[in-house]
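Enquirer: So you can see what is in the structure, the chains are spelled out below.
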Amino acid sequence: MNTDWELFEVFIRSKRGLSHKHAGSVHASDARMALENARDLYTRRSEGESLWIVKSNDIIASDPEEGDSLFGPAKDKVYRHPTFYEIPDEVGKM
Amino acid sequence: MTDVYETVENPHFQYVLGLGDDSLILGQRLSECLSKGPALEMDIAVSNLSLDLIGQADLLLGYAGKIEGKGRSADELVNFRDAHDYRCHWLVEQPDRDWGYTICRQFLFSSYQYLLFERLAKLEDKELAEIAAKALKEIAYHRRFSAEWIVRLGQGTEESNLRVQNAINELWRYTGELFETTKWEEALAKEGKAILASDVEAEWVETIDEVFAKAGLSKLDDFYMVYGRHKGHHSEYLGHMLCEMQYLQRAYPGAEW
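Just so you know, the sequences run in chain order H and D. Residue numbering for the first sequence follows the numbering used here, beginning at 10 and increasing consecutively. Residue numbering for the second sequence follows the numbering used here, beginning at 17 and increasing consecutively.
If we strip away everything but chain H, and leave its shape as in the complex, we get (with noise of 0.2 Å):
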């Protein structure tokens, strides 16, 4: 029975305002019992206050033998990350 049932991907909020994080994954045979079985396996000791399941098969990933041509580029580029201003002390923590 077990190998019938479909991999959901969970993704938890941990507080409002936050973004949901992958937390894992579960298997359920349908939408309603993998929310209820990432509800059970994943939140039991209040780690969030929403959950997301998506069809892991739904999930468009990248191919890690790519990562060189999607990714390297960037590595060279470090003027993209705005780390040459000067923040005056009165800003604080951006």
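Read the hints as simulated data drawn from the structure, not as lab findings. Remember, it's a predicted structure, so these values are computed and weren't measured experimentally. Hints should not be assumed to be uniformly reliable.
[Stated by the list, open to error] Straight-line alpha carbon distances no greater than 25 Å define the calculated SDA-like cross-link-like pairs of lysine to any residue that follow:
#1 Lys153(D) to His90(H)
#2 Lys153(D) to Tyr51(H)
#3 Lys52(D) to His36(H)
#4 Lys230(D) to Arg41(H)
#5 Lys102(H) to Ser23(H)
#6 Lys230(D) to Arg54(H)
#7 Lys150(D) to Asp39(H)
#8 Lys153(D) to Lys64(H)
#9 Lys82(D) to Lys199(D)
#10 Lys230(D) to Trp14(H)
#11 Lys52(D) to Ser23(H)
#12 Lys64(H) to Lys199(D)
[As the list claims (entries may be wrong)] Label pairs and their calculated CB-CB ranges:
#13 Ala156(D) to Ile69(H): 35 to 45 Å
#14 Gly71(D) to Pro82(H): 32 to 42 Å
#15 Ser23(H) to Asp101(D): 19 to 29 Å
#16 Glu75(H) to Gln171(D): 39 to 49 Å
#17 Thr23(D) to Glu15(H): 24 to 34 Å
#18 Arg22(H) to Gly232(D): 48 to 58 Å
#19 Glu260(D) to Asp77(H): 57 to 67 Å
[As the list claims (entries may be wrong)] Some chain D residues near chain H, calculated using beta-carbon distances under 8 Å:
#20 Gly53
#21 Glu57
#22 Ile60
#23 Ala61
#24 Asn64
#25 Asp68
#26 Arg168
#27 Tyr263
Glycine is no exception: its CB is placed at the ideal position from the N, C-alpha and C atoms.
Knowing the structure of chain H, use the given hints to seat chain D on it.
Expert: Below, chain D without anything else, positioned relative to chain H:
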């Protein structure tokens, strides 16, 4: 011999004891599923239900001990009473023959417990009302979880439908006892210390009918019902459960870790 349906010694204690025993015994039953669930996810789900119920039992039996006034703690009530002093319903003692039984027992009980605790949460007996209000959130989830599984199994395969229907056919005879009321409970209800289970029966039937209709399952009409908890009568299963549950405290009284 006095009629236990008319009068009992310390009725307030007996009433709260019965509530606590239901949560305790069902919690213990579900804990037996640990590592035996049909999937890892279900294993954890059922363990969570078990922990919720044992948490309720701890509060309810703690309160029962306080009402009794003999200095018995929740642990003592759990470990040093024999089956005939237990006041749980027969339904919660029934074993897990398969996942259909586990789900069916949970659905029948949680639907009842929800309606009862919803009313207990508004009692004049503030201490019981507070315990009930806390438990109600847990029970709402138990009811939702089990109701969805009833539909899933009922509408699943021919095999899953057959198995959950078998469970209903077997467990239905224990549902009458849920709504049985006694004279002394009526007196307690007048004092704001109890809710009569018979008051929630109609709404319970509606819930069951609605979910069974969605699931393509049927209940049994005019089936004979089994009663006994008020007399200290239980199914053969309770004694076996207590043997295992109480073993450590009976062998090493007062052991702690």
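Enquirer: Now tell me if each hint is right for this structure.
Expert: Cross-check of the supplied hints:
| no. | hint | in the structure |
| --- | --- | --- |
| 1 | Lys153(D) to His90(H) | 48 Å, violated |
| 2 | Lys153(D) to Tyr51(H) | 18 Å, holds |
| 3 | Lys52(D) to His36(H) | 17 Å, holds |
| 4 | Lys230(D) to Arg41(H) | 16 Å, holds |
| 5 | Lys102(H) to Ser23(H) | 22 Å, holds |
| 6 | Lys230(D) to Arg54(H) | 33 Å, violated |
| 7 | Lys150(D) to Asp39(H) | 30 Å, violated |
| 8 | Lys153(D) to Lys64(H) | 28 Å, violated |
| 9 | Lys82(D) to Lys199(D) | 23 Å, holds |
| 10 | Lys230(D) to Trp14(H) | 22 Å, holds |
| 11 | Lys52(D) to Ser23(H) | 31 Å, violated |
| 12 | Lys64(H) to Lys199(D) | 55 Å, violated |
| 13 | Ala156(D) to Ile69(H): 35 to 45 Å | 37 Å, holds |
| 14 | Gly71(D) to Pro82(H): 32 to 42 Å | 55 Å, violated |
| 15 | Ser23(H) to Asp101(D): 19 to 29 Å | 46 Å, violated |
| 16 | Glu75(H) to Gln171(D): 39 to 49 Å | 43 Å, holds |
| 17 | Thr23(D) to Glu15(H): 24 to 34 Å | 57 Å, violated |
| 18 | Arg22(H) to Gly232(D): 48 to 58 Å | 37 Å, violated |
| 19 | Glu260(D) to Asp77(H): 57 to 67 Å | 60 Å, holds |
| 20 | Gly53 | 10 Å, violated |
| 21 | Glu57 | 4 Å, holds |
| 22 | Ile60 | 5 Å, holds |
| 23 | Ala61 | 4 Å, holds |
| 24 | Asn64 | 5 Å, holds |
| 25 | Asp68 | 10 Å, violated |
| 26 | Arg168 | 7 Å, holds |
| 27 | Tyr263 | 28 Å, violated |
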